[in-house]
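Peer 1: Spelled out, the chains give:
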Amino acid sequence: MPEADVFAVLANPVRRQLLVALRDGPRAAGDLAGSFALSRPAVSEHLAVLRHARLVREEPRGRHRYYHLAAEPLADVQEWLNPFQRYWRERLTALKDLVEGDDL
Amino acid sequence: MTDIEIDQFIAREPAAVWRALTEPELLARWWATGDIKPVVGHRFTLDMGSWGQQPCEVLEVEEGRLLSFTFAEGSLDTTITWRLEPEGAGTRLFLRHAGFAADSPALKGMGNGWPALIRRIEPALA
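Which chain is which? The protein sequence lines are L and H, in order. The numbering of the first sequence is my numbering, which starts it at 1 and goes up by one. The numbering of the second sequence is my numbering, which starts it at 1001 and goes up by one.
Don't take each hint at face value.
Partial list, computed: chain L residues near chain H (C-beta under 7 Å) [said to hold, decoys possible]:
1) LEU92
2) LEU95
3) LEU104
Quick caveat, the hints were computed from the structure, so don't treat them as lab data. Note that the structure is a prediction, hence the values are computed from the model and not measured. Using N, Cα and C, we set each Cβ at its ideal position, and we do this for glycine too.
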């Protein structure tokens, strides 16, 4: 079960859009702010919340700060929603090991 | 989010993977014990340990390529479909486990808003 604050963080549509905007790669804070109809400080605040929940990671590059998506807490959410997903991944790994083994 | 879809590359030809899916003694070695047979209409049970003997029925068979059967009739009421495609010298195995009800044990605790939410964040994991 992920920490409760991850759910609270994801409940905000702007923060979900920020995560989607990062899925193709890291982007600078200013560049991200430009894609939202919100003030730059408001976007910064949302990014800080995401960072605190470890959903994004910040990286200074020169005068800019870049944000990266960090998928681990999202994977926890997915597992909470559907534990069978993990179950099947484990079974498929067992199947792969069996079939690729020497005795089949 | 009521279906599970996973694929797995296996570095053996589809015939070997097919055997692992359809021969009871092989199936038992990686998943569950049960009298499975790749024959449409064949009814069998799979032993899911503490979860009990789960009734199943084969729905569709394309020898070496596709196997579909109901899984856990009366409780989970889902369908499992295996599809095999040759990929290079190996096999790409696709699993689709479909039909989880929103209130099934697998999805319990899930609020109404979550399906929409997960659709948004799932691509972020790719």
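Peer 1: Against each hint, give a clear statement of whether it holds in the structure.
Peer 2: Each hint tested on the structure:
1. LEU92: holds, 4 Å
2. LEU95: The hint holds - LEU95 (chain L) has a Cβ within 7 Å of chain H, the shortest such distance being about 4 Å.
3. LEU104: holds, 6 Å
Taken one by one, the earlier hints all hold for this structure without exception.
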